[in-house]
Amino acid sequence: MLSVVVFLPLAAAAVLLALPRLPDRVVTGTWVAAAAVDLALVIALWISYPGGSGVTGDIAYETDLRWIPTVGSGYHIGVDGLSLPLVAMTALLFLACAVYSLRERHRVRAYAVLFLFLQTVSLGLFVSLDLILFFVFFDLSIVGMYFVIAGWGHGSPVRSALQFFLYTFIGSLALLLGFIGLYLAADPHTFDMVKLAQSPPLEGDALAGGLVLAAIAVGLAVKTPTVPFHTWLPPAHTDAPAPGSAILAGVLLKMGTYGFVRIAMPILPGVWRDYAAVFVVVGVVSVLYGALVALAQTDFKRMIAYTSVNHMGYIVLGLGAAGMAAGADIQARTLAVTGAVTQMVAHGLLTGSLFLLAGVLYARGNTYDMASYGGLAKVTPRFALVTAVAAFGSLGLPGLAGFIAEFQIFTGSLASAPVPTALAFLGILITAALLLRALQRVFLGQPGRAVQAAPFDLSATETLSIAPLVLLAIAIGVAPWYLLDVIEPAARTVAALVAQ
Amino acid sequence: MAILLAMLVGLPAAVGGALLAAGHRADRLAAPLAVTTAATATALGAGAAAMRPHFSVPMLPGIPAELAVDGLSAVMVVVVPAIVLAVVLFSVGDMGEDPSRARFHGLLLVFASAMLVTVTATGILPLLAGWEVMGAASYALIGFWWTDRDRVRSATLAFVTTRTADLGLYLAAGAALAGGAAALELTALGHLSGGWRDAAVAGAIVAALGKSAQLPFSFWLSRAMAGPSPVSALLHSATMVAAGGYLLLRLHPALKVVAWAGPTVAWLGLLTAVVLAAVALAQEDLKQLLAASTCSQIGFIVLAAGAGGISGGTVQFAAHAAAKSLLFLVAGAWLAALGAQRLPDLRGAARRYPLLGWLFTIGALTIGGAPPLSIWVAKDEILTMALSKSPALYAVGLAAAALSAAYAAKALFTVWMRPATETSDRGHGSASARLSPTFVLPLPFLAAAAVGLAAVAIPAITTWWRHLLHATNEHSPHVWEMAVSAALSVGVFSAVGWLLRRHRSAAAVPRTAAAWGADWLALERIAVGAAAAPTMALARGLAAFDDRVVARTVHAAATAADAASRLTDTRLETFLAGTVRAVVRGARVLGRWARLPQTGLLHQYYAQAVVALIVLAAVLVLLR
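The listed protein sequences correspond, in order, to chains A and B. When you number the first sequence by my numbering, it's gap-free, plus one each residue, and the end is 500. When you number the second sequence by my numbering, it's gap-free, plus one each residue, and the end is 624.
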């Protein structure tokens with residue numbers, strides 16, 4: 001069943017490739033249908049999800065087949081509280097992008113095939129329970145996104161795409177090195193994440209453990225990205241097509257943070273504890289640096305890109321704080337990890353929708369320069385409303401998913417890392433200032449240059465693709481329990497592993 | 001029972017949200033829906049006050065969102081919806097022509113719902129949620145006329161300033177969990193372990209001071225005037241600004257336990273009460289005068305929380321809510337009718353609209369602490385508790401009361417003044433405008449409340465009131481204290497009246513001091529200069545650093561790799577190729593040499609073999 005969810009999009013892509021000379025509308029229709037069926041299957045999985053502590057066992061919808069037995073690597077997939085929310089968010093975001101792309105006219109077939117390929121890769125990564133499988137999907141995602149940016153971007157897409165590819169690809173090599181280190185240290189040798197988490201190798205080996213964690217952390221930090229490995233992100237986002245940006249921010253960045261909570265923490269718990277302070281510091285620096293640099297931006301999309309650095313910083317901070325030795329009890333640590341996973345979902349929904357909205361903005365005024373706009377709320381009230389809700393969600397307003405995530409991270413982290421967490425509070429203040437400024441420049445006041453032609457409001461397909469993301473963010477903000485109920489047991493397992 | 005409370009907070013939120021989502025399509029329905037909702041909420045509030053319901057929904061792991069109505073909250077759930085209803089009724093007339101009525105009423109209801117969540121929350125999580133949503137709704141209401149960039153800027157300033165203080169609540173939440181309050185209960189803040197208690201209490205105090213526009217945050221309230229009149233009336237009376245005062249009243253047990261907290265809070269409140277009353281006196285704009293007055297009056301609530309005068313503080317909350325919303329609504333009515341809000345332009349306004357004039361008089365006398373009105377009662381209750389803490393608090397408190405009477409008198413006598421002839425009929429096109437009844441309808445009720453709340457001074461009612469608030473250990477003021485404050489208020493009113501009659505303008509304050517006061521002590525410029533501008537500069541610097549240093553370092557690494565590969569290509573490759581070629585050449589030479597002996601002649605081969613054997617034998621012999 002889970003394999004069907006993962007490979008259904010790829011099958012649809014194969015069908016699209018096999019049939020010659022399909023009209024564009026059939027292509028996009030098939031794409032939307034495949035994404036919708038996939039989402040329906042994920043919802044079915046969610047409904048019948050039995051719960052369970054995850055990570056070291058108790059995994060749902062598990063499949064474990066022989067794949068490369070010579071190196072102890074298997075086709076091992078399954079979901080638990082850490083991955084199921086991300087799988088659901090991924091399926092929804094890809095459907096939103098499919099709907100959004102209904103108006104795409106440029107080499108539609110290749111575009112649809114690439115996105116379907118990316119969907120399989122992304123879902124596959126989140127359900128992987130084998131390091132090699134994880135790594136394969138990790139690298140394929142880079143390849144897929146390279147072609148999306150290079151082929152359908154604007155500005156100087158080839159250059160940005162190449163930078164993105166090289167940077168994250170080099171990062172993934174570090175990751176592979178770390179994985180091989182884990183394999184060699186494990187007895188018996190294995191790449192299986194669950195087995196590795198059950199009996200963590202490298203406990204008590206400070207040097208080797210530190211080196212392996214450093215390799216894994218650098219690889220994941222590039223993908224996340226955290227300061228100072230973030231410079232590939234702004235150009236990649238600015239030049240990518242809107243759905244590409246949405247997937248890049250919403251799904252691909254999560255591969256980094258998900259790697260921390262799925263691999264680095266459970267498999268190297270002792271080492272994580274030893275170096276937790278490093279992650280706390282990196283997290284706080286990302287929070288503040290990302291927010292401040294975003295504040296200075298004049299380009300709407302670049303600004304959103306930098307807020308991603310800020311938002312990912314909270315996750316790293318929370319995960320680091322969960323491993324700090326000082327005082328916190330298990331409830332606080334669990335809260336921090338739960339918050340971090342919630343933040344992955346919240347950021348996917350809210351920043352995903354903000355990037356799609358940035359695409360709408362570009363389609364209207366042909367620029368991302370905020371100073372060129374102004375007064376858009378008069379001519380495009382629905383666009384203004386949806387953007388305002390997404391922006392308030394992104395700045396952490398209660399009633400939306402971002403607040404639920406950040407409140408948990410802050411509350412859970414303060415005990416073990418008081419000063420860094422208190423500094424991170426400033427992040428939500430700066431993001432509030434910068435998003436309100438952005439709303440003010442683009443939507444309020446008197447009409448600016450790019451608004452002269454009386455642009456039209458959100459179209460039906462645009463509304464249909466973006467509104468569900470925002471509505472789901474509101475639903476999570478108002479009734480988070482349905483989500484947290486799934487995350488919390490697994491988060492507790494991770495917290496308990498690093499707290500020992 | 002729980003449904004009562006759930007509906008009280010849920011109904012305004014749902015209706016408000018629906019109005020916002022529907023947008024212009026709901027414009028015609030907006031006003032009737034809002035009035036109905038506010039009226040229902042008022043009834044639900046009264047029911048909740050009587051039944052004391054509570055309900056809880058799961059939110060975060062181990063941290064539910066629980067709402068409950070106790071004595072203090074009971075007062076709040078009566079006062080808040082009632083004031084909201086009055087303001088909504090007034091808005092029907094005031095905003096009747098506005099093209100975005102659905103947005104206006106929707107925001108108003110969401111705002112009201114957030115305040116109701118705030119005053120019924122038992123834990124930090126729901127409190128913070130209501131608290132911040134209220135801030136966001138106030139942002140949207142202050143910037144309601146968003147085509148004017150200046151108003152939007154005011155809204156942003158107000159939101160960012162209050163959110164700065166809100167961070168205190170995030171700190172309090174984390175400290176509560178760290179200190180052992182697993183569900184973040186407000187009642188547990190005073191019993192946290194170690195330094196977490198101080199951190200939590202300090203955080204809550206900062207948040208309350210910011211929301212209540214106490215020093216040094218006061219300036220945002222001046223900017224908050226950019227919104228429509230009903231918004232000012234609501235923001236300044238029973239919601240938003242009042243929330244900070246409420247929170248401190250709610251936390252008074254913790255303020256009592258933490259040694260430094262009570263006196264600090266008391267003095268900060270009192271300082272605001274004095275200084276902002278002076279600022280109010282310096283204003284020439286009625287709405288600005290009322291705004292500064294709000295800071296000052298809420299300062300008394302803060303003082304009450306710090307000095308342990310919960311009963312007095314709660315009367316002050318209700319009395320101020322009624323009187324201040326009354327004053328703002330009258331000011332709004334005059335603004336609508338006369339197009340004037342500057343005091344010199346409002347001369348004679350009360351004569352032109354006598355009913356409004358008398359209602360304004362009641363409001364101004366109440367705010368000025370004139371006997372036997374409600375704020376006089378409240379202030380005496382607060383000041384007697386202050387006196388029991390320290391005579392200095394009492395003395396400064398009296399000064400604040402005198403200044404309050406002064407600014408109230410200034411506004412009051414100005415509007416009753418005979419208009420100067422040349423300005424008498426300055427046409428705003430609406431010189432003869434008749435006010436629609438909806439403008440006036442809610443006002444007498446507010447006036448009645450402002451007067452009637454004084455009944456709390458009647459001993460039987462006092463006992464009931466203190467019992468309600470679990471404040472039975474507080475004592476009533478002595479008769480001499482009440483006489484002193486009454487005489488003070490009446491004296492100041494008379495003196496200001498006499499001065500204004502003689503000078504027809506503001507009392508003889510030194511001009512620079514007046515300008516400084518009129519500018520709200522330049523607090524906004526200080527905040528912008530000391531915090532906002534440096535942050536912006538830092539942001540620009542970091543952005544430049546990011547582009548020029550961080551990104552370029554990565555590029556430099558890539559370029560270096562490129563250069564290295566080129567170097568490899570040009571130098572190393574040619575070297576390697578040369579080496580290989582040299583090896584080939586050497587092999588060829590050796591090969592040529594090796595071919596030399598191969599002559600094909602048998603006798604030469606024999607000769608070579610003999611030579612080789614001799615050499616071998618020689619080697620063997622020598623090595624032996």
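Treat the hints as calculated values from the structure; they're not laboratory data. Note that beta-carbon positions come from the ideal geometry of N, C-alpha and C, so glycine has one too. Incorrect hints may appear among the rest.
Chain B stretches covered by chain A per the calculated footprint, using a threshold of three residues with CB under 8 Å from any CB of chain A [what the hints assert, rightly or not]:
no., region
1, 49-61
2, 592-605
One side of the interface only, derived from the structure: several residues of chain A facing chain B at Cβ under 7 Å [claimed, not checked]:
no., residue
3, Ala18
4, Pro20
5, Ala296
6, Thr298
7, Ile330
8, Gln331
9, Gln408
10, Gln440
11, Gly445
12, Glu488
What follows is a list of derived Cβ distance ranges for each label pair [what the hints assert, rightly or not]:
no., chain 1, residue 1, chain 2, residue 2, range
13, A, Leu162, B, Val580, 29 to 39 Å
14, A, Ala40, B, Arg566, 47 to 57 Å
15, A, His154, B, Arg566, 55 to 65 Å
16, A, Tyr482, B, Arg52, 51 to 61 Å
17, B, Val57, A, Ala460, 26 to 36 Å
18, A, Phe7, B, Val528, 52 to 62 Å
19, B, Gly586, A, His154, 37 to 47 Å
20, A, Asp205, B, Arg624, 53 to 63 Å
Right, here's what the structure says about each hint:
1. 49-61: Three-residue rule met by the region 49-61 of chain B, so holds; n is 5.
2. 592-605: With 0 residues close enough to chain A, the hint is violated.
3. Ala18: 39 Å, violated
4. Pro20: 41 Å, violated
5. Ala296: With a minimum Cβ separation of about 4 Å from chain B (threshold 7 Å), the hint on Ala296 (chain A) holds.
6. Thr298: 10 Å, violated
7. Ile330: Violated - the Cβ of Ile330 (chain A) stays beyond 7 Å from chain B, reaching only about 10 Å at its closest.
8. Gln331: 6 Å, holds
9. Gln408: At 6 Å from the nearest chain B Cβ, Gln408 (chain A) passes the 7 Å test, so the hint holds.
10. Gln440: Since the shortest Cβ distance to chain B is 5 Å, the answer is holds.
11. Gly445: Hint holds; Gly445 (chain A) Cβ to chain B Cβ min 4 Å, cut 7 Å.
12. Glu488: Since chain B brings a Cβ to about 5 Å from Glu488 (chain A), closer than 7 Å, the hint holds.
13. A:Leu162 to B:Val580: 29 to 39 Å: 33 Å, holds
14. A:Ala40 to B:Arg566: 47 to 57 Å: Between Ala40 (chain A) and Arg566 (chain B), where Cβ atoms are some 54 Å apart, the hint holds.
15. A:His154 to B:Arg566: 55 to 65 Å: 31 Å, violated
16. A:Tyr482 to B:Arg52: 51 to 61 Å: Given a distance of about 30 Å, which is not inside 51 to 61 Å, the answer is violated.
17. B:Val57 to A:Ala460: 26 to 36 Å: 35 Å, holds
18. A:Phe7 to B:Val528: 52 to 62 Å: About 57 Å separates the Cβ atoms of Phe7 (chain A) and Val528 (chain B), which means 52 to 62 Å holds.
19. B:Gly586 to A:His154: 37 to 47 Å: 59 Å, violated
20. A:Asp205 to B:Arg624: 53 to 63 Å: 58 Å, holds
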